[in-house]
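Construct the complete structure from the given sequences, taking the supplied hints into account.
Now for the letters of each chain:
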Amino acid sequence: MSSKRVVVTGLGVTSPVGGDVPSTWDALVNGRSGVRPLTQDWAETLPVRIAGTAAVEPTDVLERVKARRWDRSTQLAMIAATEAWSDAGFADLAEGDGPDGDRVGVAFASGIGGVTTLLANYDALLEKGPRRVSPLAVPMLMPNAPAASVSLAFGARAFASTPVSACASGNEAISLALDQIRLGRADVVVAGGTEAAIHPLNIAAFANMMALSKSTNDPTTVSRPWDTGRDGFVLGEGAGALVLESEEHALARGARIYAVVMGAGVTADSHDIAQPDPEGRGGTRAIARALHEGEVDPTDVVHVNAHATSTPLGDIAEGLMLHATLGAHATDVVVTSTKSMTGHLLGGAGAVEAVATVMALHHRTSPPTINLDDQDPAVDLDIATKARDLPMGDIVAVNNSFGFGGANVAVAFGSV
Amino acid sequence: MATTEEIRTDLAEIVNEVAGVDTDDVQLDKSFVDDLDVDSLSMVEVVVAAEEKFGVSIPDDEVKNLKTVGDAVAYIERAQA
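These protein sequences, in sequence, are chains A and B.
In this text, residue positions in the first sequence follow my numbering: the first is 1, and each later residue adds one.
In this text, residue positions in the second sequence follow my numbering: the first is 1, and each later residue adds one.
Simulated from the structure, these hints should not be mistaken for lab results.
One thing to keep in mind: the hints can contain errors.
What the hints assert, rightly or not - Here are the computed lysine-lysine pairs in the DSBU-like style, where the Cα-Cα straight-line distance is at most 35 Å:
1. B:K53 - A:K4
2. B:K67 - A:K66
3. B:K53 - A:K214
4. B:K30 - B:K67
5. B:K64 - B:K30
6. B:K64 - A:K66
7. B:K30 - A:K386
8. A:K128 - A:K66
9. B:K30 - A:K128
Here is the structure:
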């Protein structure tokens with residue numbers, strides 16, 4: 001393994017709580033939920049009629065002709081990636097002054113791919129016949145469409161990959177980007193994750209597997225990680241993107257550095273296709289691996305952006321993972337679940353939460369977990385219910401994700 | 001019976017919707033590929049939308065002969081006759 005250090009130099013996001021990084025961060029630290037009622041006709045007969053829909057409609061901010069050739073998941077990805085690219089200082093450079101495209105890669109994840117395009121075209125096929133299936137259907141619905149579109153937009157030719165590991169996908173993309181830069185295969189990687197799966201079929205499917213909350217309370221109170229009243233997740237949509245760069249490359253161009261990517265751990269449970277290992281063993285190995293790889297002492301970890309989706313089993317398992325990896329220090333760490341505000345963005349979750357984790361280090365502030373009125377006694381963690389200051393000095397934060405299929409990904413970020 | 005100009009105007013709306021080309025640029029002498037940047041997939045979209053709009057059938061084999069806006073307008077006129 002080469003000793004290249006990898007840093008974060010650009011951030012982008014579009015989420016249920018904001019259409020960019022500043023608005024999303026402001027909503028997160030102030031505890032504002034992005035979960036809303038679904039008022040569309042198609043939602044009327046569904047068992048769940050709330051979701052974390054994108055705060056800013058993507059077609060309101062994208063060029064119309066480009067947007068109509070992109071599935072909604074790619075639209076969201078392009079908004080986040082464009083913000084990150086610009087934030088890294090690459091957008092305003094004159095022709096030829098940007099990074100060498102052969103050394104720029106893309107790792108952009110999706111959990112499900114262009115599912116709304118697929119289903120809309122199937123509807124057209126049934127209602128109007130095969131002639132009405134769009135010639136753009138395939139390049140729109142393929143799961144690597146977001147990665148390919150980002151590659152096209154920025155001339156990124158090192159690689160354009162799409163890690164798929166359900167709800168861990170976004171975090172896995174960051175892990176892949178880290179590997180590729182460390183191995184010397186790229187200097188700059190746009191890493192992220194996206195999902196746009198708010199469609200009646202997905203809602204019915206997740207509801208029938210008893211993964212979604214069916215609560216009819218105020219929508220903003222339904223996503224309640226670690227609370228005794230939690231009964232499932234709330235579906236959300238959005239995308240997050242980070243520009244990762246070798247430290248050498250970033251320093252040479254005088255880039256602003258938000259954080260160091262210390263290490264990543266990727267493991268599999270081999271326990272159940274849908275349920276997490278109740279003891280959280282796979283997740284424990286992922287977190288331990290991320291810390292070991294980054295030579296991080298567990299006592300340096302001050303903050304965890306947890307996966308915590310508001311499901312009965314998963315939230316408890318994650319508490320066990322943190323105790324197993326951080327030992328007695330586990331209760332000193334400020335833990336939060338931003339899903340309490342955004343809902344669960346599936347393949348976008350790990351990336352949006354990575355942006356939140358890096359912003360937490362940058363501003364030395366942990367966003368709160370809202371709706372935590374009665375903490376589950378099975379979870380012995382210090383969970384921030386209001387925005388909380390993080391200490392000065394060299395600190396580490398962990399972004400943790402796990403997903404259906406038993407995938408676990410943890411990424412450790414260090415302050416600069 | 002629609003006039004040549006009426007067909008051109010309606011076709012220009014379709015090309016604008018699909019490819020974002022200014023409707024005033026969609027003139028009879030313009031090549032879809034070389035002048036208007038309508039790529040092959042967009043051309044299929046234009047053809048399908050035109051079939052619906054004008055109530056005609058434009059077989060795939062015929063599409064490659066429709067190089068200019070004028071070719072397409074003339075084809076539609078013949079098919080409607």
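ask   = CA of K67 (chain B) to CA of K66 (chain A), is that 35 Å or under?
value = holds, 23 Å
Exercise for the section: Take the C-alpha atoms of K30 (chain B) and K67 (chain B), compute the straight-line distance between them, and say whether it is at most 35 Å. Expected result: holds, 8 Å
- Is K128 (chain A) within 35 Å of K66 (chain A), Cα to Cα? Judged against 35 Å, a Cα distance of about 25 Å means the pair holds.
| request: Would you mind confirming whether the straight-line C-alpha gap from K30 (chain B) to K386 (chain A) stays at or under 35 Å? | output: With Cα atoms ~62 Å apart, K30 (chain B) and K386 (chain A) exceed 35 Å; violated.
Hinted pair K53 (chain B) and K214 (chain A), Cα distance within 35 Å: violated, 44 Å
Does K64 (chain B) pair with K66 (chain A) here, judged by a C-alpha cut-off of 35 Å?
holds, 24 Å
**Prompt:** CA of K30 (chain B) to CA of K128 (chain A), is that 35 Å or under?
**Reply:** Roughly 31 Å separates the two Cα atoms, so the pair holds.
Given the hint that K64 (chain B) pairs with K30 (chain B), test it: the Cα-Cα distance must not exceed 35 Å.
holds, 15 Å
_Next pair to validate is K53 (chain B) with K4 (chain A); report whether the Cα-Cα distance is within 35 Å._
Roughly 59 Å separates the two Cα atoms, so the pair is violated.
The structure does not agree with the numbered hints 1, 3 and 7 stated previously, though it agrees with the rest.
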